[in-house]
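Build the complex from these two chains, which are given one at a time in their own frames, with help from the hints.
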Amino acid sequence: MSETSSRKPDTAPEFTFGPSAQATAGTLGTPPAAAHVDTKVSEVRQFLLARGNSSLADRSFGGLMLVCALSIFAIVALIAVELIIRSQMSWHKFGISFFYKFNIDPDTHLPVFWDPVNGIFYALPFVYGTLVTSLVALVIAVPLALGVAIFLTEMCPAFLRGPLAFMTELLAAIPSVVYGLWAVFVLVPLLRVNINPFFIAIFNNSTVVKIFGWTGLVGPTGLFGGDNYGLGILAAGVILAVMILPIISSLTREVMNAVPHSQREAVLALGATRWEMIRMGVLRNARIGIVGSIILGLGRALGETMAVAMVIGSRPDISRSLLSLGNTMASVIANEFSEASDDLYLSALIEIGLALFIVTIIVNALARVLVWAVTRGTPARVS
Amino acid sequence: MRGVTDHVATGLSVLATILVIAPLVIIFAYIVYMGASSLNWAFFTQPPKPVGELGGGMANAIVGSAVLLAVASALGVPVGIGGGIYLAEFGRGTRLANAIRFTADVLNGVPSIVMGIAVYSLIVVPQHHFSAFSGGVALGIMMVPTVTRTTEEMLLMVPNSVREAALGLGVPNWRSVLSITLRTASPGVITGCMLAFARVAGETAPLIFTALGNQFWSVSLNHEIAALPLQIYVYAMSPYDEWHRLAWAGALVLIALIVIAVSLVRFVASRGILKGAS
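Chain order of the listed sequences is A and B. With my numbering as the guide, the letters of the first sequence map in order to residues 44 to 426. With my numbering as the guide, the letters of the second sequence map in order to residues 30 to 307.
Chain B extracted, bound-state conformation (with noise of 0.2 angstroms):
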């Protein structure tokens, strides 16, 4: 009898993880089917064509993706840095730094959307208009707390042989934490950048009343900005076949820089590259 159940309760696991497994890869190829097959070079050069004409491409949300993770990363990866600096190498251990951590990680879980209406009304009501650069804050607000939390677990990781060798040799503790711990776990800290990056290259909730979107180039950061996740939930809600199509290989696109950063961070994380240094 308890043969039977150890086996029945095999039996389950096993059928919950085919059951989990198989639906995900499912998903997933045919996303990349369907991205694949309406990928063409005209997506990345050409600029949305009027409804009802074939052809065109996303290059303007693309640019315009480009240039909101520029300020996202211009405002969230210093400042996430930083804090992993204090978390890491100066609050080690005190209740201060325990908090900030516990914050970080519950700032994590709150909805993108509702940062977005946060950044709406802190520059979009007071400027009277939307624009690039409010799209850019309410990411990199975003990005503040994973980039933090990762930076502390990688500086963490550098042993603290290194730490003592350096302010051994007189070198100032400031100078010390930049170019010898920061920089002995600078493949972590970049690869953990880049997951953040990843993960508000698709957000989509904070943008739509902060960069809005828009069917023509532009580069400014004070006007209405196209970006990539945001045209694809427009894309996919129109009537039109057209642009459904440009809408999947928007996700194809977003889905192959998502991969690339997770793989990295794996990458990274197995190799033990900052084992090396010790």
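In isolation and in its complexed conformation, chain A is listed as follows (with noise of 0.2 angstroms):
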């Protein structure tokens, strides 16, 4: 395979030297006398014998940018070698259970998730709060950005579209910690203060109780019950999706826009409207990508960690409300690495680093076939 790949390169001088260069000595060197070619050699003969042959330093630099090219390849091996090597312990210790199971506190009778003090290491709080920060973010984020999406490929005036596009680039250009700077001083106050009471209020409501009671979704056990510190699992999802929105709506927009306009023009001529024009001619067409957009989108959400680890409060819990406090598979690398003093603990989160590696590389994966599949120039299927 790259036996081949590493020759390629090499043909185009051939094909424009070799030739040319026995097309001289041919011409030049041979007519006087095929015996006496040896003992004068003609001057473009000297000329190119002189230069050298190129094909050396050809295949050697090709060699180079391969193993340039090949070092990709070589930084996925290692950090998966790195993370297997060091999470050994944990991975001894625990097993497969690392991440479903949990002790019971003989005292409380409450689950016990995560005691360093103790060497007791699960991490099913970790991956319940990746998952619900992650799920709030994208109830969140996902219309909006599909919203926004349509507006800049579909209704937006030209005019408006280059300055709204730049500025979407650019937010999806800030840093995390930035955001999380801003959630913590103004996002923060704002839910504390003005949002949650609000949610607050309609939730624990009691006409709103007796209706809805019956999915444990209100009351005080439910999504807006316990205690409001602004601080929390709320607060890490909402700072998720203004950060994963400027990504799922720019990818959108580019995939909408490998939509051939023949189709739009179909649907027109069929006397659709606007929106039926773009209902049937352009997000049915794109649904595959917009899917993988939107995983993609799932899988910035899931790593994302400076932000998440600056608001979301820190403890290793798991409670239906959104209102309490928690800790994301990263945040908690990101806050409790450092501290972690005995080897058990350092591989414990390793080995949710490992799991968090994983998990993105599968979901990238998922989510770049699926937007591949549509902008890379193949039609539109029409269903």
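Fair warning: there could be bad hints in the mix.
[Claimed, not checked] With the C-beta cut set under 10 angstroms, the calculated list includes, among others, these residues of chain A facing chain B: (1) ILE122; (2) TYR222; (3) ASN248; (4) SER292; (5) LEU311; (6) LEU313; (7) ALA315; (8) ALA373.
These are computed hints drawn from the structure, not numbers from a lab. The beta carbon of each residue, even a glycine, is placed where N, CA and C say it ideally should be.
So this is what it looks like as structure tokens:
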């Protein structure tokens, strides 16, 4: 495989050099006398011999570039190997139950997941925290991102399109820690004082509890029960939503732009309104890519570290309430890695990192395949 | 009825756009406002003062970030450009190149904190101490996939006739790639590198357990070193108002860096500097 690809570059210069060198030698060098050629080499021949053969240089240059390209495989392998080696201790002690088991405290009869002092390490609350914050982020971000993408590709006046697209691009590049800074000083107080009390009032309203009590989502043990710190799962979900919005919307825009214009024109020609054109001509053709971009946003949300670590409150517990403090897989590593004193603690944190690595690889690979399926230039399927 | 649906859908998507753009503008304006009101000359020239004293700056963190980014660029940029050259010039269309491209895209989505752990166990654990070098390596690794992909995209924009002209003049292939193709695409490649640079400049997670941070001056590769995003994180989580002020100023400096990089990329892409070569 690598043999053929490293050889390929050489064909280009050989193709241009080889024949021309032979041709000059043939026309200029041979006519006098075939026997005397060895004694007097033609000038052109001399020149060509003097400047040397570039195939060695070409081949080594191509090889060097190949090594650079292969370093990407090496990085992935390196990460995997290092994480697997360093998480051996935790893996041997807890096995696969690391991700779903927990101990029961004999005194309080409450579950104990993560107690570094007593050497108890089960990652369930972090898996839960990661899933719930990502879910909250997707619920908020996906409808908005789709709306923005539809507006920008199908409805936006041309003079607004450039600046708006530029802004979403810019916002995708703002560092996580800056979003975290903003969340700590603006979002958390805002949630605590203005937004959370509103939802608490609705979810604990006696009529609402009477009607929807059977779902378990309302009342003091529901989604908005418990203490209101401002920090917590909801704050993390909201800041994640803000962070993944630009990513989802710009990728969705890309996918929608890849839908051929003939599709739109065909639907419009049948007498469809603009919305029907978008629904039937664009969204239906781009749906695979849209799902891909949402999954890519999910991948980003799963691994987002700093902003979440700053607002989630860092508590290894599982609670149904969105107001409760929690921890995600990424944030627990950021929050506790530097204080991990013994080897088992460190090993458990690295195992969480390994799980995060594997999950994000799978999620990202899936998303890339889906987005490629649409934007690669394959004609949109009509169904 | 269909007309009503159409209007409702239009209204909803306009509403969504406003709902998204307005808060984002507010976030941005707020950061700029808070940062600008706390930024002063001392921020760039003085190291942090002890808790309780007013004033001080993040000079050591700015220098630290510069050191880390220099190490990262020295590692990530050549390897990334090399990878991009391979994908665009040598491996075009081969299955190996597709696999590398795909892996680079996937690697781009791997959380930075995972990179941090990997470098921690690769360099910090055997050395038994945190170091600026390990932080730079972590950031450099993160630059590789981004630089590879942007370099490839920029090289693909160079018209084939340029390559053919060089080869036709008898220039060896390696020379043609380096001084003709790469040179033609260099504005794009450089801005791509700047984009990767700006992205890792704001990374905090991989530095927590590699560079670790430092309250004092240090430029040694062998010791803990301060970094701007790390300092912002520590100061934001601290209970002191003076430190919060410095954190906002730091955030503004980071954002200014990123705005410049992103604008440059857009400028190059929109002006079509590359097209002029054909």
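Comparing the hints with the structure gives:
1. ILE122: It holds, given that the least Cβ distance between A:ILE122 and chain B is near 4 angstroms, below 10 angstroms.
2. TYR222: At 8 angstroms from the nearest chain B Cβ, A:TYR222 passes the 10 angstroms test, so the hint holds.
3. ASN248: At about 26 angstroms, which exceeds the 10 angstroms cut-off, the nearest Cβ of chain B leaves the hint on A:ASN248 violated.
4. SER292: holds (7 angstroms)
5. LEU311: Status violated, d = 12 angstroms.
6. LEU313: With a closest approach of 12 angstroms, the A:LEU313 hint is violated.
7. ALA315: holds (8 angstroms)
8. ALA373: Holds, because the Cβ-Cβ distance from A:ALA373 to chain B comes to roughly 5 angstroms (cut-off 10 angstroms).
The earlier numbered hints that this structure contradicts are 3, 5 and 6.
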